[in-house]
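As given, the protein sequences belong to chains C and R, one line each in that order.
The opening residue of the first sequence carries number 1 in my numbering; numbering runs sequentially from there.
The opening residue of the second sequence carries number 239 in my numbering; numbering runs sequentially from there.
In short, the hints are calculated from the structure, not lab data.
Treat the hints with care, since some could be wrong.
[To be verified] Straight line, CA to CA, 30 Å or less: simulated DSBU-like cross-link-like pairs of lysine-lysine:
| id | chain 1 | residue 1 | chain 2 | residue 2 |
| --- | --- | --- | --- | --- |
| 1 | R | 305 | C | 149 |
| 2 | C | 104 | C | 208 |
| 3 | R | 305 | C | 225 |
| 4 | C | 225 | C | 184 |
| 5 | C | 79 | R | 305 |
| 6 | C | 104 | R | 253 |
| 7 | C | 42 | R | 403 |
| 8 | R | 305 | C | 238 |
| 9 | C | 228 | C | 79 |
| 10 | C | 208 | C | 42 |
| 11 | C | 208 | R | 305 |
| 12 | R | 305 | C | 85 |
| 13 | R | 403 | C | 140 |
| 14 | C | 192 | R | 403 |
| 15 | C | 228 | C | 195 |
| 16 | R | 403 | C | 228 |
| 17 | R | 305 | C | 49 |
| 18 | C | 195 | R | 436 |
| 19 | C | 104 | C | 184 |
[As the list claims (entries may be wrong)] Computed spacing ranges between beta-carbons, pair by pair:
| id | chain 1 | residue 1 | chain 2 | residue 2 | range |
| --- | --- | --- | --- | --- | --- |
| 20 | R | 301 | C | 10 | 20 to 30 Å |
| 21 | C | 175 | R | 278 | 39 to 49 Å |
| 22 | R | 438 | C | 4 | 32 to 42 Å |
| 23 | R | 439 | C | 15 | 50 to 60 Å |
[Stated by the list, open to error] Counterexamples of contact, computed for chain R against chain C with all Cβ distances above 12 Å:
| id | residue |
| --- | --- |
| 24 | 247 |
| 25 | 261 |
| 26 | 263 |
| 27 | 264 |
| 28 | 291 |
| 29 | 293 |
For glycine and all other residues, C-beta sits at the position ideal for the given N, C-alpha and C.
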Amino acid sequence: MQKVIRITALVAVIGLLAGLVIYNALNPPAPDTGVWNEAMTKGNAETAKHHFIMYTDIFCPYCDKFSNAVAANLEDFEKTYIEGKNILFEIRVTDVNYENGHSKNSRPAGIAAYCAAKQNNFWDYYYALLEKMFDDYFSKGVGVDPYSKHIPDLPDSYFLDIAKGVKLDQDSFKQCFENKETAKELDKNTAKAQKNIGGAVPHFSFDKFSYDGFAGNWDTTNDYKQVKTLMNAGLSTK
Amino acid sequence: MGIRKVAETVFDRTKLSLQGVCSVFSRPKYAIFGIFCIFLIAYILNFWRDGNGNWQLICSGLPLGDKLGVLGRVFTSMIEFFRSFSGLSIAFLALLQGIVITQLVFTWRYREKNATLNGASTGGIGAILGFIALGCPSCGVGLLAPLLSAIAGAGALAMAETIGKIFTLLAFALLIFTVFRLGYIDYVLASANSRKEKHAKSN
Numbered sequence: 001m002q003k004v005i006r007i008t009a010l011v012a013v014i015g016l017l018a019g020l021v022i023y024n025a026l027n028p029p030a031p032d033t034g035v036w037n038e039a040m041t042k043g044n045a046e047t048a049k050h051h052f053i054m055y056t057d058i059f060c061p062y063c064d065k066f067s068n069a070v071a072a073n074l075e076d077f078e079k080t081y082i083e084g085k086n087i088l089f090e091i092r093v094t095d096v097n098y099e100n101g102h103s104k105n106s107r108p109a110g111i112a113a114y115c116a117a118k119q120n121n122f123w124d125y126y127y128a129l130l131e132k133m134f135d136d137y138f139s140k141g142v143g144v145d146p147y148s149k150h151i152p153d154l155p156d157s158y159f160l161d162i163a164k165g166v167k168l169d170q171d172s173f174k175q176c177f178e179n180k181e182t183a184k185e186l187d188k189n190t191a192k193a194q195k196n197i198g199g200a201v202p203h204f205s206f207d208k209f210s211y212d213g214f215a216g217n218w219d220t221t222n223d224y225k226q227v228k229t230l231m232n233a234g235l236s237t238k
Numbered sequence: 239m240g241i242r243k244v245a246e247t248v249f250d251r252t253k254l255s256l257q258g259v260c261s262v263f264s265r266p267k268y269a270i271f272g273i274f275c276i277f278l279i280a281y282i283l284n285f286w287r288d289g290n291g292n293w294q295l296i297c298s299g300l301p302l303g304d305k306l307g308v309l310g311r312v313f314t315s316m317i318e319f320f321r322s323f324s325g326l327s328i329a330f331l332a333l334l335q336g337i338v339i340t341q342l343v344f345t346w347r348y349r350e351k352n353a354t355l356n357g358a359s360t361g362g363i364g365a366i367l368g369f370i371a372l373g374c375p376s377c378g379v380g381l382l383a384p385l386l387s388a389i390a391g392a393g394a395l396a397m398a399e400t401i402g403k404i405f406t407l408l409a410f411a412l413l414i415f416t417v418f419r420l421g422y423i424d425y426v427l428a429s430a431n432s433r434k435e436k437h438a439k440s441n
């Protein structure tokens, strides 16, 4: 009798799990191909043959590793891929690491990024912020993985000071940042990202190809090679 | 039984278990097999540690040369990655799993007929837990993420890291327990076998 109960319980649990797996597999999130924020794109949205999307969080070290590799080879990247292959390159900034409890800095960084986008100068601010974060923390092994020393909670001045080195209307940027004017957009996009990709960033979606994570080593030597592999994988996947 | 007596028993048993592990690995055949298993498991764990990114590249339309490059990169990155703390935990997991597999083969080979492999299932559970609990430093979650999202939808992902850490600790505990349990069995089997060999020689 005990054996029958045990087997029935086991079958019920397995059946329930299998049912949930099938249900989730049959109800995948709909593809989200529309541009979220035009200022966060490169390339021609109207004529592009391919759409590359990167879901990111500014305080996700491996997302920044990808973006730093692109920034360091920007001319080649734009010539070979964005212009050469007619790609619409889009970055979807979220604060999933704030939502998941990984980093409090994700939120102000996200708000600042959308404030820069509001002035149509997202890219300069984004690359300046990543460069400073790399110099201050990642290059010293801080904040690079869950076991390393964490990046401290940064003051607002950290994000405002970066804006000073970028061509932005400083007063408007400060007002936008301090009043959290872009928080709603950030929240909306983070919620959409969580629905689309769960909590894992970076997530790359390139036409029919998708990819999670980025080269595991904290060594930048082969980063651009890895970026190219990723781009080529997307272009060659039909 | 007093605490001292229990401690003495545990100490003796641990000593014998370690002798059992040593007696398995002192045989060249098993030592080579063990090292091969450790490397193979380390490679597999490393392949999956960045989520399913490497698998996605293998399944992509990349030419064969590039796909082989991905496999090669996993190997070189493995050596580099093992310098970090999360890398070390994967290496330790691979080491324990390799030892358990070798012990299982040894125990299976030398066990008496009809004897059961006590502890083997514990090691199996530990190995599975260790594998699915793999941390993914580059994407924030691990193999647990796709499993959780498949079972409970994307909303459950926030729990992935915490559950992953619990699974890792459980995996280590179960694997260490299995190494000691099988180690003791191996000690008994190895001693019995050497006595049999001595007896056969003297006859």
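Against the structure, the hints come out as follows:
{"no.": "1", "hint": "R:305 to C:149", "in the structure": "violated (34 Å)"}
{"no.": "2", "hint": "C:104 to C:208", "in the structure": "violated (33 Å)"}
{"no.": "3", "hint": "R:305 to C:225", "in the structure": "holds (13 Å)"}
{"no.": "4", "hint": "C:225 to C:184", "in the structure": "violated (36 Å)"}
{"no.": "5", "hint": "C:79 to R:305", "in the structure": "holds (25 Å)"}
{"no.": "6", "hint": "C:104 to R:253", "in the structure": "violated (48 Å)"}
{"no.": "7", "hint": "C:42 to R:403", "in the structure": "violated (39 Å)"}
{"no.": "8", "hint": "R:305 to C:238", "in the structure": "holds (16 Å)"}
{"no.": "9", "hint": "C:228 to C:79", "in the structure": "holds (13 Å)"}
{"no.": "10", "hint": "C:208 to C:42", "in the structure": "holds (20 Å)"}
{"no.": "11", "hint": "C:208 to R:305", "in the structure": "holds (18 Å)"}
{"no.": "12", "hint": "R:305 to C:85", "in the structure": "holds (22 Å)"}
{"no.": "13", "hint": "R:403 to C:140", "in the structure": "holds (25 Å)"}
{"no.": "14", "hint": "C:192 to R:403", "in the structure": "holds (27 Å)"}
{"no.": "15", "hint": "C:228 to C:195", "in the structure": "holds (28 Å)"}
{"no.": "16", "hint": "R:403 to C:228", "in the structure": "violated (33 Å)"}
{"no.": "17", "hint": "R:305 to C:49", "in the structure": "holds (25 Å)"}
{"no.": "18", "hint": "C:195 to R:436", "in the structure": "violated (68 Å)"}
{"no.": "19", "hint": "C:104 to C:184", "in the structure": "holds (17 Å)"}
{"no.": "20", "hint": "R:301 to C:10: 20 to 30 Å", "in the structure": "violated (46 Å)"}
{"no.": "21", "hint": "C:175 to R:278: 39 to 49 Å", "in the structure": "violated (58 Å)"}
{"no.": "22", "hint": "R:438 to C:4: 32 to 42 Å", "in the structure": "violated (49 Å)"}
{"no.": "23", "hint": "R:439 to C:15: 50 to 60 Å", "in the structure": "holds (58 Å)"}
{"no.": "24", "hint": "247", "in the structure": "holds (32 Å)"}
{"no.": "25", "hint": "261", "in the structure": "holds (35 Å)"}
{"no.": "26", "hint": "263", "in the structure": "holds (30 Å)"}
{"no.": "27", "hint": "264", "in the structure": "holds (35 Å)"}
{"no.": "28", "hint": "291", "in the structure": "violated (4 Å)"}
{"no.": "29", "hint": "293", "in the structure": "violated (10 Å)"}
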